[in-house]
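Trainee: The chain contents come next:
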Amino acid sequence: MKRIRKVLIANRGEIAVRIIRSCKELDVSTVAVFSEVDRLSPHVLMADEAYPIGPAPSSRSYLNMEKIIAVALESGADAVHPGYGFLAENPTFARKVSEAGLIFIGPSAETIRMMGSKTESRKIMQEAGVPVVPGTTRAIKRVAEAQAIIESIGGYPVMLKAAAGGGGKGMRIVRKAEELPRALEAGRSEALKAFGDDTIYIEKLVESPKHIEIQILADHEGHIVHLWERDCSIQRRHQKVIEECPSAILPPEVRARMGATAVQAARACGYVNAGTVEFLVDENLNFYFLEMNTRLQVEHPVTEMVLGIDLVKLQIQVAEGSPLPLRQEAIQARGHAIECRIYAEDPFHNFAPSTGRIQYLKHPEGPGVRLDSGIASHSEITMYYDPLMAKLITWGSNRREAIARMIRALKEYQVHGVRTTIPFCLAVLQHPDFQEGRFNTGFVDACWPDCLPEVSGDEAVDAVAAALRYLQEQQKVYQDGHFVSRERPPQPSAWKIRGLKEMMRER
Amino acid sequence: MKRIRKVLIANRGEIAVRIIRSCKELDVSTVAVFSEVDRLSPHVLMADEAYPIGPAPSSRSYLNMEKIIAVALESGADAVHPGYGFLAENPTFARKVSEAGLIFIGPSAETIRMMGSKTESRKIMQEAGVPVVPGTTRAIKRVAEAQAIIESIGGYPVMLKAAAGGGGKGMRIVRKAEELPRALEAGRSEALKAFGDDTIYIEKLVESPKHIEIQILADHEGHIVHLWERDCSIQRRHQKVIEECPSAILPPEVRARMGATAVQAARACGYVNAGTVEFLVDENLNFYFLEMNTRLQVEHPVTEMVLGIDLVKLQIQVAEGSPLPLRQEAIQARGHAIECRIYAEDPFHNFAPSTGRIQYLKHPEGPGVRLDSGIASHSEITMYYDPLMAKLITWGSNRREAIARMIRALKEYQVHGVRTTIPFCLAVLQHPDFQEGRFNTGFVDACWPDCLPEVSGDEAVDAVAAALRYLQEQQKVYQDGHFVSRERPPQPSAWKIRGLKEMMRER
Amino acid sequence: MVYYIRKGEAFFPVEVEDRNGILWIRVGETLFQLDPRRVANEQYSVLVNGKSFFVELVHPAPEMVFKIDQQEYALTVLNERQKIEREIFGRTERVHGHGEVRAPMPGLILRVEVQVGEEVTIGQPLLIMEAMKMENEIRAPIDGVVKEIVVEPHQAVEKEDLLIRLE
Amino acid sequence: MVYYIRKGEAFFPVEVEDRNGILWIRVGETLFQLDPRRVANEQYSVLVNGKSFFVELVHPAPEMVFKIDQQEYALTVLNERQKIEREIFGRTERVHGHGEVRAPMPGLILRVEVQVGEEVTIGQPLLIMEAMKMENEIRAPIDGVVKEIVVEPHQAVEKEDLLIRLE
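As they're listed, the protein sequences go chains A, B, C and D. Counting in this note's numbering, the first sequence runs from 19 upward without gaps. Counting in this note's numbering, the second sequence runs from 19 upward without gaps. Counting in this note's numbering, the third sequence runs from 429 upward without gaps. Counting in this note's numbering, the fourth sequence runs from 429 upward without gaps.
Watch out, some of these pointers could steer you wrong.
[As the list claims (entries may be wrong)] Label pairs and their in silico Cβ distance ranges:
(1) A/K159 - C/Q552: 31 to 37 Å
(2) B/Y378 - A/A157: 51 to 57 Å
(3) C/E457 - B/D45: 29 to 35 Å
[What the hints assert, rightly or not] The calculated lysine to aspartate or glutamate pairs, modelled on EDC-like cross-linking and capped at a C-alpha distance of 16 Å, are:
(4) D/K435 - B/E128
(5) D/K479 - D/E491
(6) D/K435 - D/D497
(7) B/K211 - D/E563
(8) D/K587 - D/E528
(9) D/K495 - B/D476
Bear in mind the hints are in silico, worked out from the structure with no lab data behind them. Glycine residues also receive a C-beta, built at the ideal position from the N, C-alpha and C atoms.
Could you build the full structure based on these sequences and the hints that come with them?
Mentor: Following this line, the structure appears as structure tokens:
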């Protein structure tokens, strides 16, 4: 068993910061890597060491395996933590890290490869007795071929998916034969761009499903535990935005069955370290294997808060070869946790990415609030990377308290400079259907932005507007010169106004 | 039972903010009050309503009972939450609030009065069979009188205490007869200034004690629970600075006995709402009643994090007349929590208050970190109020993790503009005796500032200094004009340096 | 001091009287007492009859945008002079970019989904651009008619580049 | 560029060479490679041979004070001219307040515990003042002799008022 003393974090943003924090608490040294635009990013400022790895585009920096491994070796790191995204589910990277004599904090390259192919993983799960959505495990090239498969699984509606997929890219719902050709083409083109692989496969569409996933953790001795579930049904463009633990609707008996199935799935692919088995759950609480994510999930904090564990620390311990310190019987949930992803996006304009410099930033705090952020008040949000700025997580002794706390915390959150998903999250959290647990993956499409409350023309707001206008003109307290450049305070001279009024009378 | 819909918070700073947060989560409206210098303080910005109550000195604002009650009535508040300090333990205020038809969120005026007199409370506890420190319950005026009492309880060392006391004011340890006259005079003068009452009493000094307190909660139906303990032994000038839950050294059997004794104490004074029974614990784990605090404690968050409860919400529910939703058997602790109080004080100069404007503020975040702050990045720390800026609380699955997390979080904490107790807290947290649980109330006096690690003259630090100096001179990136005003970048002309060098040669 | 707030096509007067820093503001029949203070750069605290509003100013007057409790309000607030100018000359100070559809971020135009002269309704997709590895629909900010299409498919654009002009 | 860092009474040279924004700095026998950047107002990120230092500058040169990981460092860093001036004229730029004991906050002087001419050692209580309802000891910042006592008991003082001068 090799003790890990120094970890290179092959990532950026909030997840790099989050991993650094756990390492510091374990007294493990941290090595950050950064692209040219990230020299002053929080992960660079917080790590013990930091090395440049190339220009801004991730293909030339955060995806540059050789460079990252070279930095790890030169800095004397024992291990590499990939975070999520970038190289986290790249089997070649996992293999190269191991071949360089470093510990890859995650499962084996072979496990990553198997689970990375959506078609191969479906095959493995089917063989292991894990329920999967009816569909094909073959790559589809032509429309006719697709049509035949669709008939064999009982017809429309179906879902097209990218075999190398993730994050909703390449996914298309097809409800009628007429839609198939265009959907197939669009899906293949998007998949090619996103993953360099245009392989598409077909599944029966599970209507109005919930997306519920099970966190698992496995050590090198074959000891596997499941760590409750996360409900990630609140998605926009097939991407998760709000997640919670536990699910609002799962009876203990179904939870136990899903947990056992997830362990079965992990065992079927020889899983070691932290992973997540994603399921679709239909209205009758039947569940179907969707995919296995062979890494830490974005939404892992809700599990941590409810179970009282630190998944990154456990990942490091397992990677060292330590046996899991958790026994299934001893794992106890307490209360409820919710996560809102705070993206630099404009929710009122179709969630378009919003780039710019952060002018001001004030994070929510206080009881039951956790914030994992990847930006600081000086940060620039660029187009180069995922626009996730931070994750806001609240814990409550029950779901109602967690929701009330999240609403309180979202209202405390202040960001100037870019638009964010905060108003969107607030609208969802305040929605009666969300509060009652009546939602599935179609929730956002069905309700946003129609669910926004009407803004009433409040007279008090008019008074506030007039007061601000007055302050601007009278007090001239424009310390940062910001207003001055946008608007010259008007200084109407008496004669000019009189002149104008006379002109008006003449008209 | 009257539902509380609107609460006036008769306080300021972090505790006002903390109470506002719980009210918002309960959907209870909040009314803030503020003195002239607090117009832009966070509690004013966060409350639903805010009203001025007078000039900066607290005697003319936050202690102005009539004004505060008038604001409560005019704003339509149902209840008043006093926080801690100011009017929180003033029986007259509690009575006046009730007489105005408002709910006082705390125990009855009579309970506050009884427990507020340290001598009377000792008497009540003695009668109820609660162990107290040997000593007197009579007021001491003259030295001869004191001398006689000291002989009757077995001689020196003894502790002089203010009967109206709290916060260490008026307290004096006396080890020899010669020290008695001066100590008595100083104690009385300090007590008079702090409480308007110079009554002093005498207790046998418990040598090297730990300060351990039990949180209790009682409803109107006489149902009382105890909520584990807090160890508050890390004190400077008899004021707590670092607290934790649970204690590092208390066996479950002693905890159970202290808890039962605390319930007994609460019952003896007819206690309703949240309160704290403070004990001194000697080296053999004998415990003695010290005093009862009839309000929310500064350090209540460590209890909240370990027990998974919100004491302010429970206070409001109990004040409404609801029965306690907690049963003693069902109360479960999880993990360990530590609080560091972040004061605007200079720990290197005898903890002298440090006033000034906050230039920059960045709070620690991430897993297991809670921050309750009363200031913002624009705040001015004045001499008018207690210099407590914020409380940093960390939770860990065990004491070791909570400590490691606190060290990590303290290092993330950035405050410019005033000096803080952060370096002090860091030194305590890193001290082997603290980490091993070997400490009592004498810890700070014994080890600070001697326990500070020697700063070695690191060459890398010299290089950093030279680099900053170089940046200053070369890049002239002084965006805020701050450096410019302090130092003109030197522009030595060649002839001047030559001239100076020649002068040197001539010497 | 009188300001004019636009509601629909009309402007309503709002009277402001400064009594030693406390503002008495009349909106319609209602008289409010306000204590507005600047907290930091573009943040204000305004007490309105004791109600505490924390206001983040996103865009200054006359086309003001501000946030209270994450709710965004957009109001046109004119002073006397601006009101008269608008009445005479029409809306001289055009809302920036109202009919101008600009790139929200740098990226690549994939498809243009409308034609010059076509009537569009608010929210209707105008073109698809790729940025941050996603296909993003750019939608019409107003009801109107496509006057000009400035870009074409496969063209790279910078942030704020004009894409389409509506009228 | 050469700077001089004081260690005790002596000054040690530190050489700085700027190679396109990366600084090569020699301290004694050791050569460091530094990438210093300003993050915000008085915050800097400095990479020293890859080690990441987050530096908060509390006081600028020449009497620099900065914090790294909550550890405060105070160093005197002179440039060529300042070094020469000091060698000629002695310490012309006196450390502000070194022998001057000033009020750390507004308050009331209760007692003065030393007399003019008395020798005091660092940390010895000089006087007691009341502020924030607490009695605060004001202690000697250096070893020295009391040269002047500026205040007397019951006198109110403002922050930064001179109280006692040591030598």
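Trainee: For every hint, state whether the structure bears it out.
Mentor: We went through each hint and held it up to the structure:
no.	hint	result
1	A/K159 - C/Q552: 31 to 37 Å	34 Å, holds
2	B/Y378 - A/A157: 51 to 57 Å	55 Å, holds
3	C/E457 - B/D45: 29 to 35 Å	31 Å, holds
4	D/K435 - B/E128	64 Å, violated
5	D/K479 - D/E491	25 Å, violated
6	D/K435 - D/D497	22 Å, violated
7	B/K211 - D/E563	11 Å, holds
8	D/K587 - D/E528	13 Å, holds
9	D/K495 - B/D476	14 Å, holds
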